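> Each chain, letter by letter, is given below.
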Amino acid sequence: MRTVSAAETAPTTHPWAVHAEGLRVRAGRHLAVDGLDLALGAGVHGLLGPNGAGKTTLIRALATVVRPAGGRLRLLGEPVDGRADLRRVRRGLGYLPQQFGFYPRFTVREFVEYMAWLKEMPKSMVPGAVQRAIDRVGLTSKANARMKTLSGGMLRRAGIAQAVVNDPEVLLLDEPTVGLDPEQRLDFRELLRDVGLDSCVLVSTHLVEDVVAACSDVVMINEGRLVYQGTPDDLIAQGGTGDAGDSPAERGYSALLRRHRSEAGR
Amino acid sequence: MNRILGIELRRSAAAGSVLMLLLAGVIMLYVAPRRWSPGWMPLVMIQREYLVLLWPLSLAVGAWQSRREHRSNVAELFASTARPRAQRMLPTLAALGIAVTCAYLATAAVAVPWIIGTARYLPATAFVVAAVGALAMIAAAWLGLALGRLLPHVVTAPALAVAGIGLLMVLPAAVRHREWLALIFSPMFGMGQYTDYQTVYGRVSAAQAIWLVALAGAGAVLLASDSWRTRVAALLPAILGASLAIMVIPRDDKFVATPIDPVAQEQVCAEGSPRVCVSRVHSGLLPEVVPVARQALAMLAKLPNPPTTAHEDTTTYYPATSPPRQADVVLMQITVDDHGHLTHEADMLREMVAALGANTDGCSGPSPSVPVMRAAGSWLMGREPVTDDSDESAEVNAEAVKLWQGLQNLPEKEAAARVGAVRQAAMACADLDGLLTGRAQ
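Those sequence lines, one after another, are chains Y and H.
If you're matching positions, the first sequence starts at 13 in the numbering used here and goes up one per residue.
If you're matching positions, the second sequence starts at 842 in the numbering used here and goes up one per residue.
Next up, chain H with everything else stripped away, as it sits in the complex:
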């Protein structure tokens, strides 16, 4: 059996399919590395999302391989041999299973050196998500083998590939509000990254794994069957697996909506002071973040009661989560580039100072006065206010410049007190108008 498996690995579609799937997978990953460069979990999830193409390709590989027996006209010869059909199919199943698994894992391996320097947080869930992805590839290849055997035609493989893509695209729309159904039956559904803290819950992975094992089993039974009775019996594992998966999958809305990993979201701090912390998923970026954050804290230190700590802003919108509002904490937006490194450091610095270290998220009512905030921030940075919004009317910045000049003309202490008052008011969601003007006290 091992020698025969070796022959099948060399001579079947296995070797060629590894190359094709690997190439397709790597191209998709590197077309948009920004989607997965922030960490390991984003990498394995984005790879799952690319099953939209890899899954149907795997299906086609199976169907293509299955045609060999029909095309080479060996049925007559093999029918006279002792070994039962089911056993004869084992090396083929194993060879294709190994091939698609290797291709899937090798694709991930190609991405590893790209982010190994910056990605730190590697939860066990990442391995589970990757394993379910590999399982999906095996199930597709085996199902393809079975379908290719039932319909041994040259167009079967390309038709299955197209049908597979169509199925994965249509499925989420077809199940409408019952998104949990799409989560079971589509290995790519819900894998798009909305935040870097996203995860896949264990029970969801368990339900997916149950269904995929059942699907792979149904494919294998269908391939090995030599009568209509066993072909019908192949439906049994599929039905059982689907029922079991439906029982296991959580239907709670919070499970279905992009789930957040609270451990990934936790703040991890650098040594030394002032304290600078980022989320665990970005902890590899701390050496790059710390100098920028401390520079911003130094600028804010001109204020009375200045913030002393910088935290990453881990706000997520769906589901809505936000870090606690603390007077001594200034929030920073971490942006990651294609290579997994910190990017837009200047913007990060400017935003931290321009917001005066005040977290105004969650304030209701009108947004804080732009000219006042800009003039106060510019005074801290020691430069003239400039607009960063081309749609903004010129009067807004002219007003900011006027306020800023007023601050420049004041004694240092007085100016700091007024900017400090703006910060206090912003944190209290209060009106800022008039806080920078008036007479020197």
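One chain only, chain Y, in its complex shape:
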């Protein structure tokens, strides 16, 4: 049991946790996200797309790390542009970057606590939230180990723990399953479903199977534009026997991509 603040129980005034209209974001000089329209509510959204599709750039823009170059982006109902004060939005964010940076001398508990502090969590909630986040990713026995002693899979889980410590309303995970063994992947899917019950979770991955198993919604982008948004079942239905892939979902993925490329080529 925990105390619930007034802000938490207040009715949301925004229809979408993430709402992008004609969003353009640069990666260096290249326009990696180019005119993307996207609306995401609560649930687990799998972000699919080939390498260079703009997945990481999109997630970085949603994490407020890069400023959009154009279009409109609203997070939790608040505009995200050059002038906005992002502090309130950021308190509601959880983010695991593709390259997860951490202080190697900190223990897992210390690092997650440090992140909770950076996310400006109320002081009284921090110790409990830190323990819960560590328990949720299955690092309880490693809580007092230094970050530098963790294996790749454990580091990934520590990264997820820091992302979920503040019970974020928008959770952004850029390839979180890299380095996880099959059993850990199953636990991770469980965690995603759990968080996705009342938050908006966006998971970028190359593993179509993960998306089908854990996501309530599939978002597919290519060359910075939205290709497809729908349910996993719908994705499977897109594929035929002639499409490349070892599973129905993979065949659906290839079919969508092929169709989009041929349309773009026209």
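If you're looking for bench data, these hints aren't it; they were derived computationally from the structure.
Among the hints, a few may not be true.
The calculated label-pair distances, taken between Cβ atoms and stated as ranges, are [said to hold, decoys possible]:
1. 165(Y) - 1008(H): 48 to 54 Å
2. 1068(H) - 63(Y): 46 to 52 Å
3. 81(Y) - 1018(H): 34 to 40 Å
4. 916(H) - 100(Y): 20 to 26 Å
5. 90(Y) - 995(H): 38 to 44 Å
6. 94(Y) - 860(H): 23 to 29 Å
7. 143(Y) - 1069(H): 40 to 46 Å
8. 995(H) - 63(Y): 56 to 62 Å
9. 81(Y) - 843(H): 37 to 43 Å
10. 868(H) - 81(Y): 56 to 62 Å
11. 139(Y) - 1077(H): 39 to 45 Å
12. 81(Y) - 916(H): 19 to 25 Å
Quick caveat, the model's predicted, so the values are computed rather than measured.
Backbone N, C-alpha and C define an ideal beta-carbon position, used for all residues, glycine too.
Guided by the hints, dock chain H onto chain Y, whose structure is given.
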């Protein structure tokens, strides 16, 4: 914030830097304990002088710590968090500040038991001088943090250490005759001990503190800045502090030259008679000085109108100060050993008697005749004259021995009268030749 500060104290460079700075500080102190063993003020001033190494090391510690953020690639993750950069830097600033202050004060604490038995005079100035030293360490660490952030490279820390030493060494030469500039900008300048009575004037410490607070502030602003505009703004406290310090610092020559604390120089006397007094800074040595001084006074008592009091010779050369010349006072040179105790007692005794209790400092003209003085002194001590100068020609001592034998052959009263005449003449800066020879009256 307190919990985060705790984490930073444990996991940042803070803990390691305490050990390194403490070790460096203690080694420097104990390489030459004679430099600070005479008292508390010498201790805090010598520790300030060792900032020549500790200050650049502190700079390097800051730069090293600052590299953590760059090396561990956390910018991406932290950029998505709510807490502003300035607030995020506070625990780091606090942790390093606490670490370098503790290291500096702990170094002094290590020296405390060494001299606690003999050091007595503890003026408030000593705490001010130590506090300014700690402030210098904090300013260096914070400036190091800021510079390490601007140049996050593995060589930044060692390069800053070398540059820091170079700066402190070159600064006094660079400002030439404007020594007051060096006094502001170098926390170690003017801290070398020429006498045990030396001090640091309050206005000098105030100017130094103003500059160091401004420098620390500039470092903190530079570290917390997230745009070029705030980085430039960091110059503001530095410029303000420097201007204010320049206004406050005294430029009078007597302030800049090794200043003397008259209270430290005052004579403090032991109970009982004959009276034996030493300067306040050496007052802890009185129990060791008294027996030697009274022995010397007893030897001098053979003279007519003998001196009845022994005072420490508190002469300083720069600035020139000397104790008043009094006929009934014999001066003694107090020398302190590595442990803060009186040393060379035999030399002290011999010098007191050999000078016949006459203060000839300030006499102009030729120095008093060595054979006459030596023969008279030896007669008082009741032993044959010996030379203590290997460069001296043998004739000088042969002459002294001859004069001494003459005194030995005289009746006691007559000899005492002649030695007394030598003492009178020496005090009057008059010629001594012939005073020991001639017929018995």
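> A separate judgement is required for each hint: does it hold in the structure or not?
Checked hints:
no.	hint	verdict
1	165(Y) - 1008(H): 48 to 54 Å	holds (49 Å)
2	1068(H) - 63(Y): 46 to 52 Å	violated (34 Å)
3	81(Y) - 1018(H): 34 to 40 Å	violated (59 Å)
4	916(H) - 100(Y): 20 to 26 Å	holds (22 Å)
5	90(Y) - 995(H): 38 to 44 Å	holds (41 Å)
6	94(Y) - 860(H): 23 to 29 Å	violated (46 Å)
7	143(Y) - 1069(H): 40 to 46 Å	holds (42 Å)
8	995(H) - 63(Y): 56 to 62 Å	violated (33 Å)
9	81(Y) - 843(H): 37 to 43 Å	holds (41 Å)
10	868(H) - 81(Y): 56 to 62 Å	holds (58 Å)
11	139(Y) - 1077(H): 39 to 45 Å	holds (40 Å)
12	81(Y) - 916(H): 19 to 25 Å	holds (20 Å)
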